[in-house]
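Generate the whole structure from the sequences, applying the supplied hints.
Protein chains: 2
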Amino acid sequence: GHYIICGYGRIGSTIACTLSERGLPVVIIENDPDALEQIKKDGHLWVEGDATRDEVLKQARVEVAKGVVCVLKSDADNVYITITARWLNPGLLIVARASDPRAETKMIQAGADRVISPYEIGAKRMALAILQPTVTEFLDLAVHSAKFDLTIEQIEIKKGSMIEDKSIKESGLRQKYGVTVLAVQDPRKQLILSPDPEFVLKVGYILVALGPIEGLNRLKSIAKASDKT
Amino acid sequence: GHYIICGYGRIGSTIACTLSERGLPVVIIENDPDALEQIKKDGHLWVEGDATRDEVLKQARVEVAKGVVCVLKSDADNVYITITARWLNPGLLIVARASDPRAETKMIQAGADRVISPYEIGAKRMALAILQPTVTEFLDLAVHSAKFDLTIEQIEIKKGSMIEDKSIKESGLRQKYGVTVLAVQDPRKQLILSPDPEFVLKVGYILVALGPIEGLNRLKSIAKASDKT
Ligand SMILES: [Ca+2]
Ligand SMILES: [Ca+2]
Numbered sequence: 001g002h003y004i005i006c007g008y009g010r011i012g013s014t015i016a017c018t019l020s021e022r023g024l025p026v027v028i029i030e031n032d033p034d035a036l037e038q039i040k041k042d043g044h045l046w047v048e049g050d051a052t053r054d055e056v057l058k059q060a061r062v063e064v065a066k067g068v069v070c071v072l073k074s075d076a077d078n079v080y081i082t083i084t085a086r087w088l089n090p091g092l093l094i095v096a097r098a099s100d101p102r103a104e105t106k107m108i109q110a111g112a113d114r115v116i117s118p119y120e121i122g123a124k125r126m127a128l129a130i131l132q133p134t135v136t137e138f139l140d141l142a143v144h145s146a147k148f149d150l151t152i153e154q155i156e157i158k159k160g161s162m163i164e165d166k167s168i169k170e171s172g173l174r175q176k177y178g179v180t181v182l183a184v185q186d187p188r189k190q191l192i193l194s195p196d197p198e199f200v201l202k203v204g205y206i207l208v209a210l211g212p213i214e215g216l217n218r219l220k221s222i223a224k225a226s227d228k229t
Numbered sequence: 001g002h003y004i005i006c007g008y009g010r011i012g013s014t015i016a017c018t019l020s021e022r023g024l025p026v027v028i029i030e031n032d033p034d035a036l037e038q039i040k041k042d043g044h045l046w047v048e049g050d051a052t053r054d055e056v057l058k059q060a061r062v063e064v065a066k067g068v069v070c071v072l073k074s075d076a077d078n079v080y081i082t083i084t085a086r087w088l089n090p091g092l093l094i095v096a097r098a099s100d101p102r103a104e105t106k107m108i109q110a111g112a113d114r115v116i117s118p119y120e121i122g123a124k125r126m127a128l129a130i131l132q133p134t135v136t137e138f139l140d141l142a143v144h145s146a147k148f149d150l151t152i153e154q155i156e157i158k159k160g161s162m163i164e165d166k167s168i169k170e171s172g173l174r175q176k177y178g179v180t181v182l183a184v185q186d187p188r189k190q191l192i193l194s195p196d197p198e199f200v201l202k203v204g205y206i207l208v209a210l211g212p213i214e215g216l217n218r219l220k221s222i223a224k225a226s227d228k229t
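Each protein sequence line maps, in turn, to chains A and B. Each step along the first sequence adds one to the number in the working numbering, with nothing skipped, and position 92 is 92. Each step along the second sequence adds one to the number in the working numbering, with nothing skipped, and position 103 is 103.
Fair warning: there could be bad hints in the mix.
The list treats identical chains as one, so a pair stands whether inside a single copy or across any two.
Straight-line Cα separation of at most 25 Å, PhoX-like style, residue types lysine-lysine; simulated pairs [said to hold, decoys possible]:
#1 Lys189 / Lys158
#2 Lys41 / Lys124
#3 Lys220 / Lys159
#4 Lys106 / Lys73
#5 Lys124 / Lys66
#6 Lys40 / Lys124
#7 Lys106 / Lys124
#8 Lys124 / Lys73
#9 Lys124 / Lys220
#10 Lys58 / Lys73
#11 Lys220 / Lys176
Note that these hints are calculated values from the structure, not bench results.
Here it is, written out as structure tokens:
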């Protein structure tokens, strides 16, 4: 599955580069000639056209896409794309930008999985930097910095994994991989924060894990179905 | 110590309300008549004038303030305020907003402790929502939501505290308070991520702790100097 990014402005271009760097296939929808020039320079795939039109979304193969990012300037356009994309592909992950925080509810109603308002998140981050500077620094390092050895990642427990049906303690996440489980999401999308060491890991659960990159990668391969055939 | 907020736009007003809600004293510097009208409605203290002028910052008592938030529209103005404020009060916490991410380095050079670019942080958050939706949800709940019972907070170990010179294991943070230590900052501002259970807590260390609000509050009172006189 690929990711469609509607709009190649400041936010859209940053997201496109981040996803590409991780090796994820990206297709941009854009109709501004200057932006199209930049897309070609940056080496992305693109569809020329207006992302609010069904046939343009279809041309970008929205039906088989994994996710859509709506970052056009107008909140109304982002709502419109969300409705169309959700209708064309019910299983799609849709992330939309709201310029006006009041548009957030409308976008969720339209079918967006997550709505981000840059001004709101910027304000929250600045308040956190004043109230809890050390927490802010921790988050910058662990979540947003690629340079740091330690990071937060999500890991899904697959069927046949060695740690299936074991408690966090029994699976030795801390001892073997240096990993701390911050939260677990169950298949009903319920988030259990800071689970007990006795908490039992089941198939389909998603761990939010803090640990060294190497330990997380090892844990990820363990969490997958065992290859012993 | 009070907090000075330079600029009462979308970001400035959100930060002012967040700090006020937590009971922190706030003074706004603003010269736009409409914004001043809104400040009065919202019930904040204010100084009318241009925050880039020394005498206006002095009128807001920058010399005895705890922090300054620079959220004027112009990056050049925010750099200028940062330089002046840092010179008038070397111990001040300065958080500045950069519209253009390239202004970030200049603001750090000018003396800002932390610079936030709403577009950049918005883009990072949207990429994270695509790459790791469960991590994004965890952060929203644990860091930014006041409704949720679990949260991340920073707690400083004060002299005379019961947990001074004890290891994380010995102090029973998990058993007694349900608290997980995500990171520790030492007095040289070095951040140790995911410390070992044997890690010894010393005076002046700041814990980045994840736990239930009640447990964190109890830990906070324990981390303070004991009152037994
Ligand atoms: Ca990282
Ligand atoms: Ca919270």
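Checked hints:
no.: 1; hint: Lys189 / Lys158; in the structure: within (16 Å within a copy, 40 Å between copies)
no.: 2; hint: Lys41 / Lys124; in the structure: between (34 Å within a copy, 22 Å between copies)
no.: 3; hint: Lys220 / Lys159; in the structure: within (13 Å within a copy, 42 Å between copies)
no.: 4; hint: Lys106 / Lys73; in the structure: within (16 Å within a copy, 28 Å between copies)
no.: 5; hint: Lys124 / Lys66; in the structure: between (29 Å within a copy, 19 Å between copies)
no.: 6; hint: Lys40 / Lys124; in the structure: between (35 Å within a copy, 22 Å between copies)
no.: 7; hint: Lys106 / Lys124; in the structure: both (21 Å within a copy, 22 Å between copies)
no.: 8; hint: Lys124 / Lys73; in the structure: both (22 Å within a copy, 17 Å between copies)
no.: 9; hint: Lys124 / Lys220; in the structure: between (32 Å within a copy, 23 Å between copies)
no.: 10; hint: Lys58 / Lys73; in the structure: within (21 Å within a copy, 39 Å between copies)
no.: 11; hint: Lys220 / Lys176; in the structure: within (13 Å within a copy, 31 Å between copies)
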